[in-house]
Structure formats: structure tokens, C-alpha cells
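**Student:** If you want the building blocks of each chain, they are given just below.
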Amino acid sequence: MTALLQRAAALLTLPVLLISLWWVVTDASSNFFWPPLREIVGVFPETWLEGRITTDVMPSLLRLLGGYAIAVVVGVGLGILAGSSSGFRSITEPALEFLRAIPPPVLVPVLVLIAGPTDLTKVLVIAVGCVWPILLNTIEGVRSIDPVLSDTAAAYRLRLVTRLRTVVLRGASPQIAAGCRQALSIGLILMVISEMFAATNGLGFTTIQFQRAFAMPQMWSGILLLGVIGVILSVVFRLVESRALAWYYGLRAAERKG
Amino acid sequence: MSSTSVAGWRASIGSSPATRGLAGIAGLVLLLELVPRIGVVDPRFFPPFSAMMGGLADLVVTVEFWVALGQTLRGWAIGLAIACGAAILVGLLIGTIGIARTMTASTIEFLRPIPSVALIPLAVVLYGSQMQATLILVVYASFWQMLVQVLYGTQDVDPVARDTARSFRFSAVRRIRSVLWPTALPYVMTGFRLAAAVALVLEVSGELIIGSPGLGNRLAVAQSSGAVDKLYAIVIVTGILGVTVNLGARWIERRTMRWHPSQRREMAV
Chain X
407 MTALLQRAAA LLTLPVLLIS LWWVVTDASS NFFWPPLREI VGVFPETWLE GRITTDVMPS
467 LLRLLGGYAI AVVVGVGLGI LAGSSSGFRS ITEPALEFLR AIPPPVLVPV LVLIAGPTDL
527 TKVLVIAVGC VWPILLNTIE GVRSIDPVLS DTAAAYRLRL VTRLRTVVLR GASPQIAAGC
587 RQALSIGLIL MVISEMFAAT NGLGFTTIQF QRAFAMPQMW SGILLLGVIG VILSVVFRLV
647 ESRALAWYYG LRAAERKG
Chain F
393 MSSTSVAGWR ASIGSSPATR GLAGIAGLVL LLELVPRIGV VDPRFFPPFS AMMGGLADLV
453 VTVEFWVALG QTLRGWAIGL AIACGAAILV GLLIGTIGIA RTMTASTIEF LRPIPSVALI
513 PLAVVLYGSQ MQATLILVVY ASFWQMLVQV LYGTQDVDPV ARDTARSFRF SAVRRIRSVL
573 WPTALPYVMT GFRLAAAVAL VLEVSGELII GSPGLGNRLA VAQSSGAVDK LYAIVIVTGI
633 LGVTVNLGAR WIERRTMRWH PSQRREMAV
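From first to last, the protein sequence lines stand for chains X and F.
Each residue of the first sequence is one higher than the last, beginning at 407 in the working numbering.
Each residue of the second sequence is one higher than the last, beginning at 393 in the working numbering.
By construction, these hints were calculated from the structure, which means they are not laboratory data.
Incorrect hints may have been included.
Coverage of chain F stretches by chain X, computed from C-beta distances (three or more under 8 Å per stretch; other residues unrestricted) [claimed, not checked]:
1. 413-426
2. 508-515
3. 604-613
For each residue, glycine too, the CB sits at the ideal point set by N, CA and C.
Take the sequences, apply the hints, and build the full model.
**Tutor:** And the structure:
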């Protein structure tokens with residue numbers, strides 16, 4: 407019980423301290439750009455929860471989800487293909503290295519040019535930006551699968567589907583998860599940028615509109631909301647990952663102990 | 393994969409990986425040339441590769457291009473230097489003070505996933521479209537990449553080395569210099585590599601959205617003025633820049649880690 411209390415204290419002390427500091431220091435603030443936290447929190451419900459949650463927040467999140475899902479499917483699929491064939495890999499590697507090195511945000515103006523400022527463009531931008539870390543990590547994961555495992559699977563003549571599911575995907579999944587985690591934060595950045603560059607709705611668009619209208623407390627509430635979404639997404643990802651990879655973390659802990 | 397198929401590939405394409413890699417790049421170039429020519433995409437929006445190269449040739453003879461490239465590199469370097477310096481300092485501090493690690497963990501975990509681009513509106517009201525506005529984004533994004541690695545590194549200190557230093561009554565400075573720092577260095581280099589790549593991404597995005605001077609801003613101008621060849625040329629330049637940054641960071645990592653006994657297993661990033 408005391409251990410639990412101690413952990414809670416360690417977890418909460420600094421955040422609580424920082425937030426109260428922000429609250430107190432800005433409370434009497436008359437600086438236009440740094441409104442009191444009280445005011446920011448005060449405008450939050452009317453700014454985001456009444457109406458904008460369906461017209462701006464949900465469309466943003468759906469686009470992120472759509473683009474991310476495409477990236478996972480394409481990245482893992484191509485990654486398994488490329489990872490299982492060393493010839494294919496050595497042909498495509500330099501080209502992939504180059505494509506990956508292009509900062510994903512520069513794709514925003516390019517895709518806006520090709521497909522116009524539509525929802526499809528934003529989903530594509532997110533998908534194209536997210537696919538590289540997933541693809542490269544999947545290739546690396548598939549390549550580093552224990553050869554004894556794949557030879558055993560071949561010797562037992564496991565069917566292709568079974569082999570993919572139980573050997574390849576399973577073996578590469580820790581690396582795939584690492585790629586997916588990187589991709590998630592890139593996806594969030596691209597969601598915001600694509601909306602700031604060319605959009606008529608969405609979280610990024612609305613927050614920039616507030617900034618242009620000099621509605622400071624509303625702008626701050628948008629920044630806070632984006633931050634909270636980033637944190638929630640990373641917590642959800644970690645929960646899913648720790649469930650899906652429970653076997654892997656257990657194995658590693660056991661190896662370390664032994 | 394069977395060894396016969398690998399041999400087959402080798403025989404048909406050439407023996408060295410470098411040749412095959414070049415073949416892959418040549419294939420990509422050919423694809424970029426053919427796809428617009430046979431009308432899969434509209435050449436007005438996606439010109440063939442030769443036209444992109446033409447745009448690049450027009451671009452590299454202008455002074456503005458080199459000025460913009462210099463501005464991008466300057467913003468990237470300053471932001472990266474500030475972020476790395478601050479992160480190493482804070483990381484070592486947190487790493488040496490035992491209780492600081494548990495106290496700050498939740499705050500770091502909370503602040504890290506906040507997308508740095510969320511700060512764009514704030515940066516704009518504070519600095520307009522000056523270089524500093526983009527600098528905020530670059531520093532914020534790359535700071536966390538580095539800090540997390542430094543913290544991993546300080547946790548990794550060998551207990552025997554730590555206890556030895558303690559029994560010899562090393563001073564705090566000496567302990568940091570000869571125990572903590574060498575242990576953390578491999579992680580610091582990984583952090584540097586990650587931070588360098590992220591800093592470039594944020595530098596270009598900042599220029600693109602905020603309009604601060606640099607390649608990203610040229611890109612936005614090329615897009616809105618319909619200079620399609622130039623637009624793709626700049627995209628290619630940013631790609632070359634990205635590759636250069638990656639290779640450069642990896643080179644520095646290898647140089648600094650030459651003394652390191654065990655080459656750590658690296659994850660693909």
C-alpha cells in the first residue's frame with residue numbers, strides 16, 4: 407500500500423506542480439499572448455465540445471486513422487515481401503533509403519497539387535509519410551528471424567499462411583511494433599500539417615484560424631487538445647502493444663533473469 | 393528463401409549489392425519518367441523525371457536557391473545544437489540524481505508525444521514568420537529524441553563500475569566524465585542520429601507552414617505559383633538533404649564509437 411502511494415506520488419508530484427505553477431503565474435496575466443490558464447480551460451468546452459467535436463475533431467482523427475491503417479497494411483505487406491528475398495531487398499534498398507529521407511511534410515504541397523485539397527489528399531499524405539518506418543522495420547524484423555525457425559517451418563512443410571502467421575509475422579512483430587510506434591507520431595504531425603496547409607476543417611485548420619483571428623485563449627485550447635490527443639494515442643498504442651507483445655516482453659524478462 | 397533463387401538473382405543482375413542498388417535506383421527513375429509519359433498520371437501535375445531534372449538545373453543556377461538551402465541548413469544546425477546541448481545537460485543531471493529519474497518520468501512521458509507542430513500557432517504569434525518561429529519547433533521535437541536516449545544511457549551504467557568509482561571516492565565531475573559519459577555515449581549517438589533526422593523534418597515543415605525563409609518556403613511558393621518542375625526539384629533536393637543528414641550522422645556515430653568494444657545491435661529507424 408505504501409509502495410503504491412509512493413509510486414502515485416512520484417508520478418503526480420511534478421505534473422501537478424508544473425500545472426499549478428502555470429495556473430498561478432498566468433492567473434493575473436494581462437499579456438495578450440499568454441492568457442491565464444483559467445481562461446484557456448474555461449473556453450475549452452464551448453470551443454471544442456459543442457459542435458466542433460463532430461465537424462473538426464472527428465474528421466481529423468478519422469483521416470489519421472485511415473492513413474495510418476493504409477500505411478500499416480502496405481508497410482507490413484511489402485516489408486514481408488522485401489524481407490524474405492535478399493535479391494529484392496538489395497535492389498530496392500537504396501531507392502527506399504532515398505524515398506524515406508524525403509521529409510514527409512514536403513509531400514503535402516505535392517499531393518495537394520495532384521489530388522486537390524480533399525480528404526483523400528490528407529489520408530494519402532498520412533499514409534505515405536507513415537509507411538516508411540513500418541516498411542523498413544518490417545524488412546529488418548523479417549530478416550532477423552531465427553533461421554532455425556524458418557528452416558523448421560520449411561522442414562515440416564507448414565502451409566504458407568500458417569508459416570506467415572506463426573513464424574514470419576510473430577517473429578517480426580516486436581520490430582513491426584517499433585515501426586508502428588514511430589509512424590504514429592509522424593502521422594499525427596502530418597495530420598496537423600496537412601490541415602494547416604490546405605483545409606476547410608479539422609483540428610489544425612481551426613487552431614490556425616484562431617491564431618489568425620487573434621483569439622488567444624481558443625488558440626491555446628487547440629494546442630492543449632492536440633497535445634492531449636498525442637498523449638492519449640501514445641497511451642492507447644502502448645496498451646495494445648503490451649497486450650499483443652506480452653509473450654515477447656515475458657521472454658525477454660525471463661532471458662534477463664536467467 | 394532458397395539459395396538457388398538468390399544465385400539466380402545474382403547471375404541476372406550483377407554480383408555486387410552496389411550494382412543491384414544502382415539498378416533499383418535506375419528502375420525508380422525509369423518509372424518516374426514513364427508513368428507521366430504513358431498517361432497514368434497527368435503530366436501537368438506530375439512531370440516526367442527529365443522535366444524535374446530540368447527544373448533542378450534551372451534552380452541550381454539561381455542565387456535564391458543557394459540562399460534558401462543555406463537558411464534551411466542554418467536553422468537545422470542551430471536547432472539541433474540547442475536541443476542536443478540542452479538534452480545532454482538535463483539528461484545527465486536527471487541521470488545522476490537518483491530521485492529525479494522517478495519524479496520526472498511521468499512528465500517526460502507526457503510532454504514527449506505532444507506533436508511539435510501543435511506549437512506552430514504559438515510560434516507564429518510570438519515571432520511571426522521569422523526564423524525563430526521554426527527554431528522553436530525544431531528544438532522541441534529534437535530535444536525529446538535526445539533526452540530519452542541520454543536517460544536510457546545513464547540507466548545502463550554497469551553497477552560494478554559505479555560502485556568502484558564510489559569506493560575510490562571519485563568526485564561528481566570525474567564520475568560523470570569517466571563512468572557516466574562513456575556508458576551513455578552510444579545512446580547519445582543514437583539520439584543524435586534520430587534528432588538530426590527529426591530536426592530536418594521540422595525545419596522544412598516550419599518553413600512550409602509558417603513561411604520562414606528556407607527551402608520549405610520556396611516549396612510553398614513554387615506550389616502556389618504553379619511552377620511544377622521546380623516543386624519536384626525542391627522535393628528531390630530535400631530528399632538528398634535527408635540522405636546526407638542520415639549518412640553524416642551515421643558516419644559521426646561510427647567515428648565516435650570506434651573505441652566501443654561491443655558494436656550494439658542497431659534497430660532500423
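**Student:** Could you run down the list of hints and mark each one as holding or not?
**Tutor:** Quick rundown of the hints versus the structure:
no.: 1; hint: 413-426; in the structure: holds (count 7)
no.: 2; hint: 508-515; in the structure: holds (count 7)
no.: 3; hint: 604-613; in the structure: holds (count 3)
Comparing the model with each numbered hint stated earlier shows that all of them hold.
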